[in-house]
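As they're listed, the protein sequences go chains A and B.
Using my numbering, read the first sequence as starting at 76 and increasing by one per residue.
Using my numbering, read the second sequence as starting at 163 and increasing by one per residue.
Simulated from the structure, these hints should not be mistaken for lab results.
Small disclaimer: the values here were computed from a predicted structure and weren't measured.
Just so you know, not all the hints are guaranteed correct.
Claimed, not checked - Which chain A residues face chain B? A few, computed with CB under 7 Å, are given here:
hint: 1; residue: Ala90
hint: 2; residue: Phe94
hint: 3; residue: Ala147
hint: 4; residue: His149
hint: 5; residue: Ser152
hint: 6; residue: Gln156
hint: 7; residue: Gly165
hint: 8; residue: Ile168
hint: 9; residue: Gly169
Glycine included, each C-beta is placed from N, C-alpha and C at the ideal position.
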Amino acid sequence: MRKLKRFLLIDDSKATTFFNKTIILKTEVVEEIAVAYNGKEALDSLQSDSTPELIFLDLNMPVMNGWEFLDAYHHPSNPFQNSKIVVMLGAEIGKEERERLLSFSQVVEFRDKMLSKKVLEEIIQKYFAQEVSSKP
Amino acid sequence: MRIFHQHLFNTKLGRRYTIGILILFLVLGNIQRVEGQDLGNEEVKRAQRTIFIYNFAQQIGWPQIAELETFKIGVLGPDRTVIDLKAIAQKRKIFGKPIEVVRYQFVKNIKDIQLLYVHNKYNYDIAYILRKISKKNILLVSEDYFYNSSMINMVNVGDSFEYEINENRIEREGFVIAPSLKQYAVTSSQKWKGLFKSTEQSLVNALNENEEQKAEIKSKNDQLKQQEKKIENQSKTLDNIQEKIVENNQWIKELSNQNQIQEKKYEEKLLIEKELEKNIQEQVTFIKAQEERIKQSVVEIEEKQRYLKEQNKQIKEQESILDRQRGEIEDQKTINWYLIALISLILIGGFFVYRSYLNKKKLNKVLQAKNKEIHEQSLDLESKNKELEQFAYIASHDLQEPLNTISSFIGLISEDYGDSFDEVGKESLNYISDASIRMKKLIDSLLEYSRLGRSTDFVDTGMETILQEIKEDFRNVLERTNAKIHSVKLPVVFGNPIELRLLLQNLISNGIKFTDKETIPEIHINVTTKNVPINSQTETFWEFSVKDNGIGIPKKHQDRIFAIFQRLHSREQYQGTGIGLAHCKKIIESHGGNIWLESEEGKGTTFYFTIPKKENILLDKSGIKIDL
Numbered sequence: 076m077r078k079l080k081r082f083l084l085i086d087d088s089k090a091t092t093f094f095n096k097t098i099i100l101k102t103e104v105v106e107e108i109a110v111a112y113n114g115k116e117a118l119d120s121l122q123s124d125s126t127p128e129l130i131f132l133d134l135n136m137p138v139m140n141g142w143e144f145l146d147a148y149h150h151p152s153n154p155f156q157n158s159k160i161v162v163m164l165g166a167e168i169g170k171e172e173r174e175r176l177l178s179f180s181q182v183v184e185f186r187d188k189m190l191s192k193k194v195l196e197e198i199i200q201k202y203f204a205q206e207v208s209s210k211p
Numbered sequence: 163m164r165i166f167h168q169h170l171f172n173t174k175l176g177r178r179y180t181i182g183i184l185i186l187f188l189v190l191g192n193i194q195r196v197e198g199q200d201l202g203n204e205e206v207k208r209a210q211r212t213i214f215i216y217n218f219a220q221q222i223g224w225p226q227i228a229e230l231e232t233f234k235i236g237v238l239g240p241d242r243t244v245i246d247l248k249a250i251a252q253k254r255k256i257f258g259k260p261i262e263v264v265r266y267q268f269v270k271n272i273k274d275i276q277l278l279y280v281h282n283k284y285n286y287d288i289a290y291i292l293r294k295i296s297k298k299n300i301l302l303v304s305e306d307y308f309y310n311s312s313m314i315n316m317v318n319v320g321d322s323f324e325y326e327i328n329e330n331r332i333e334r335e336g337f338v339i340a341p342s343l344k345q346y347a348v349t350s351s352q353k354w355k356g357l358f359k360s361t362e363q364s365l366v367n368a369l370n371e372n373e374e375q376k377a378e379i380k381s382k383n384d385q386l387k388q389q390e391k392k393i394e395n396q397s398k399t400l401d402n403i404q405e406k407i408v409e410n411n412q413w414i415k416e417l418s419n420q421n422q423i424q425e426k427k428y429e430e431k432l433l434i435e436k437e438l439e440k441n442i443q444e445q446v447t448f449i450k451a452q453e454e455r456i457k458q459s460v461v462e463i464e465e466k467q468r469y470l471k472e473q474n475k476q477i478k479e480q481e482s483i484l485d486r487q488r489g490e491i492e493d494q495k496t497i498n499w500y501l502i503a504l505i506s507l508i509l510i511g512g513f514f515v516y517r518s519y520l521n522k523k524k525l526n527k528v529l530q531a532k533n534k535e536i537h538e539q540s541l542d543l544e545s546k547n548k549e550l551e552q553f554a555y556i557a558s559h560d561l562q563e564p565l566n567t568i569s570s571f572i573g574l575i576s577e578d579y580g581d582s583f584d585e586v587g588k589e590s591l592n593y594i595s596d597a598s599i600r601m602k603k604l605i606d607s608l609l610e611y612s613r614l615g616r617s618t619d620f621v622d623t624g625m626e627t628i629l630q631e632i633k634e635d636f637r638n639v640l641e642r643t644n645a646k647i648h649s650v651k652l653p654v655v656f657g658n659p660i661e662l663r664l665l666l667q668n669l670i671s672n673g674i675k676f677t678d679k680e681t682i683p684e685i686h687i688n689v690t691t692k693n694v695p696i697n698s699q700t701e702t703f704w705e706f707s708v709k710d711n712g713i714g715i716p717k718k719h720q721d722r723i724f725a726i727f728q729r730l731h732s733r734e735q736y737q738g739t740g741i742g743l744a745h746c747k748k749i750i751e752s753h754g755g756n757i758w759l760e761s762e763e764g765k766g767t768t769f770y771f772t773i774p775k776k777e778n779i780l781l782d783k784s785g786i787k788i789d790l
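With the rest of the complex left out, here is chain B (with noise of 0.2 Å):
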């Protein structure tokens, strides 16, 4: 059976042969066709390599760039690239320099140069490469080498090439890599070597290994085949030897039974002499052993009487301690009720307790379930707001761009057609050039207002620096209207200095600016503290006044005037956007405090804001100010 299924296996593994054989042909015969393709785009791959040899260079920040006259590549070996590079070259510069490419033959040649060039199929060691080049700021570009073996080490990939950098390397030079270098970097050794196309030398070798490992198996086969026909000839002559014992075994068994017959007949007759021997000794040693329990029952008896004696004795003194204990017993159930009553005491008590704690817990509930509402709206309304700045935000940022690109026509329009127009053509443009400059103001106003509010980083904040300094910028409006500013010597506060020096530039300005042409315009300054009672607590205030002597707000405009783009006066009468307002309430809202007017027509208007004072103040992350 066995032979016959090693031969079935050796004509299958003949057919599998030829089969295998006949694929290597096919493989062989594609193998060189692929070669054809591939030289007809060898000129493709020559004019890639060269592009992607300049880009690096270019995508490297080269130390002391600016001090050379000429940007070197050397190429290592006899390699082709020398004349693609050069003929390039003549075309192209890096950054700025002409280019010039150099041929060299041995490593320790190598000098003057910002980058070398070399291709595995040379031979150069490159570990003795980068040992010759380092600290010389050449950046090595080699082509088919290991994975993270160079600096860039590129591989043909198709018509193109991928390629892998070592930054370490790169940047111990003194190199610097620009990011979309590493961007398209190939950054795993795993894809590296799936790139890696074996070439055709050693798919030939492989194939010729392939060959002889077969040979030796089958002649491996061939040994086997013979060894297996010696071990069937030595067991066939096992199984006769074999044979030949069972019957010797038959006989010697038929031999020993006629001998035990005899020996049991003579056996038999010896066991009943023995056993009559037996039977008289017995029944001397039964009698001799009856005698001696008589004797050992005798002295049994003398001591169990001696032992009841004790134990009356015993149960006499027990009787007496039980007597005693009776007693002890009658005492126990007394305090055994007193401690009944105690303990149902204190459950009472306990349940007492639970219920009012149960209580408690359901009206918690109701508290942190109010809570939850309340902070809920909060958060709405809180995005809600953001959202309002955002949507205020995109729209002016938004708006800049159109209005942009008209302000630029008007510009060119009046620049060169301007004398060809009539006095009317010349107006209108003037108005619109005007028109175009406000909305620009406007736009620009409605994007600061967006981003105020939104910065939560408060600071100890000098305000009487920052009065310094506004009277410093207003000095030339100052000494033209030859007005006056008053003002007690002013604290600082918690809060945004940007925009805390804003709302006191807008109050100040609009006290100078809203007067009578006649009137020297004068402002006072003033600070006190206020205590404000909110819910059970008091909360302590700076309570800033700013106070002018100019035209007044009519009391029916007194509330709207700090809603945005509001305008009580013709712009010809006072210039404006009309946002400053609404830039000072916001800011003060946003510090957690107040602002309003005081005000009579012709006489004045006094502006009052407060600030929280710090120790009232604590902001959680959000930004929003928590009450203590």
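Pulled out of the complex, with its shape left as it was, chain A reads as follows (with noise of 0.2 Å):
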């Protein structure tokens, strides 16, 4: 099985990036994980750092919040908007929050916070089958 390059971690609760960190580690199917603990850090990684095929994004952050990075994410003049984006929930949204949010075309899917080895599993299946396919 080959490896994708990078994920990125964007979460202010070390608790949670250092579980979700662990489960990723442990599924070995990426050769980095960055962490950002908001969204300004997150930004900041972005422009200085390769680009991520997979972000993880909490939503309330300090500093600079998940919709917050989303917009600045989305703005025309930002030239590194190839990654795909898991919005990571603490708890349920309502329904228009969930309508705005994949009003973004990078937003792909929606996961409990805490990550477990099925849903990154199926997230890599739905999104990546073909890069990590063992063909050379």
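Work from the hints to combine the two standalone chains into their complex.
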């Protein structure tokens, strides 16, 4: 199985990012896992490092929250718009918020905040089956 | 004087010209310097342009995008943008498709592309392009064209770009526009014009035109000066002529004066003769007139005598009429007295009516004030209630997150390190895991409790259907415990179906759950109508009863059984969160009914609840029930 290049975890909770990082490491699907503790740090990391294939985004964060990050990420002047974004939910959200999130073309999934191996494998199969398939 | 002014003006103008020309040179110099800077930032601008074009593509919903092998971008004219687009095309994909960039010289050759970029400086007619690419699923991205003339039109501002989009035109082509694309677009032509930077060429043209116009103004000023001189000369000759005319007039006046004196003397003689003649004639006519007057006076005297006689006759007639009228007035007086008496009676009556009205009004005001007080109190209570519910909701909502973190880590630890724990460690882990699962259930039911009673969309709800559905859901439990549910046919009531279902389900499952192990559970459901006197009226209720043969509830616990999280038994004995009956109470109260129980220890419990019949219920807008 081939590995993906890079994931980016955006969440202000160290416990959550630690946990999700551990789960992702266990599945061995990606070479590098970057962590940002708010939207601002995430944007900075996008500017300086290589573009991640997958971003896990928390909504409720200090400094720059998930909504503000999505707005900035989708501004036409941002050259790094190629990642798929999974929005991580701490609690249920309303229908309107759900629709607004889906209007951002890169947002592909809503998932519970704490990842599990099963959920992660589902996401990889759904969006990166070709990239991780074992053929050269 | 005027000529002097003109001169002064001309010298001022001359000075202004030289200053103007100086400023012009400065401006031209600056423009050249700005140009230099622009060249320095050209790289950045070209990169930004490319990024904008790619992002436009990314934020449009393309029909049949899945069927495409590659995403093709066309560029019109000898534009360097083609190089920039190609450079990035190797690194980037649009909707997962590889990108191909093609250059076109003529609009008619364009086909099989998804996006077309054109800059205004190559002079392609935008209307012609739009006509040619119409219905071919091609998105037109143009630069520097007029507002609203394209699909997406961008303009360079500093190092970056602004853009405006023509939504109708884009949607007509079958594209879907992402909201983020609309969000940053410029939406007024005014603002667009402001952004439109005039090119260097047009500035130079404008300057040349200015120069020409100034020269023209100067030559016109010279002409004006000459004309003014001519007018000055003409007015001088006019002055001379006027002086001569004044002299002539003086001379003529003197001549006429001498002539007039002689004429006057002759006229006076003639007048005296005429007056003598006139006096004689007047005296003759006066005598004749007096004779005439005497004759007329005689006639008049005769007529007056006749008139006097007639008047005497009339006076006599009027006297008799007056006598008759006096009698009539006497009658009228008595009638008037009666009328006055009647009116005063009516006035007195009116006064009493008015006084009682005033009293009533005062009472009404007091009543209104009290009503208002009560209304305010109820509003206050309602808002406090809502606050509490909100508090419960937020508290449980926010509790969920740390709890999820805890249970996730427990899962991680027991999966990775569970085997290396000793027995005490493993058991502790189990207890922690159980407790976190239980806490999750508690929080979930607390959340549900805070949500109950919010909805006021009441409909006709068939309780019989609900009961059958519950029986179906409980089939496994019923088979396992051999429990029986007996019921009369249940009516249709007015309420919230989801909540009523939860109510019946809780009562039935309690009846099955709280039994001795040896007893086979038996539930009896019954319903009657009941009239309850409220104030001066009676209200009709459905009264349901759910009777079981369970362990019963001791008298001393009966009043706290409906409170939230109350448990009478250990979890090991009977499972559950202790919130079921609290749910029931909240549901019934939001329906305007009542819930209570009768129980004997060891024999069983009967729960009663009432729901108002529909004809009694009127719900106002805020969902508060009004009793009729």
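Against the structure, the hints:
For the restraint placing alanine 90 of chain A at the interface with chain B, the shortest Cβ-Cβ distance is roughly 5 Å, inside the 7 Å limit, so the hint holds. The closest approach between the C-beta of phenylalanine 94 of chain A and any C-beta of chain B is roughly 6 Å, which is under the 7 Å cut-off, so the hint is satisfied. Against a cut-off of 7 Å between C-beta atoms, the interface hint on alanine 147 of chain A is violated, since the closest Cβ of chain B lies about 10 Å away. About 4 Å separates the beta-carbon of histidine 149 of chain A from the nearest beta-carbon of chain B, less than 7 Å, and the hint is met.
Given the 7 Å rule on beta carbons, the hint for serine 152 of chain A holds: about 6 Å separates it from the nearest Cβ of chain B. Taking 7 Å as the C-beta cut-off, the interface hint given for glutamine 156 of chain A holds, the closest approach to chain B being about 6 Å. With a least beta-carbon distance of about 4 Å to chain B, the hint placing glycine 165 of chain A at the interface is held under the 7 Å criterion. The closest approach between the C-beta of isoleucine 168 of chain A and any C-beta of chain B is roughly 11 Å, which is over the 7 Å cut-off, so the hint fails.
The beta carbon of glycine 169 of chain A comes no nearer than 12 Å to any beta carbon in chain B, farther than 7 Å, and the hint placing it at the interface is violated.
In summary, the numbered hints that this structure violates are 3, 8 and 9.
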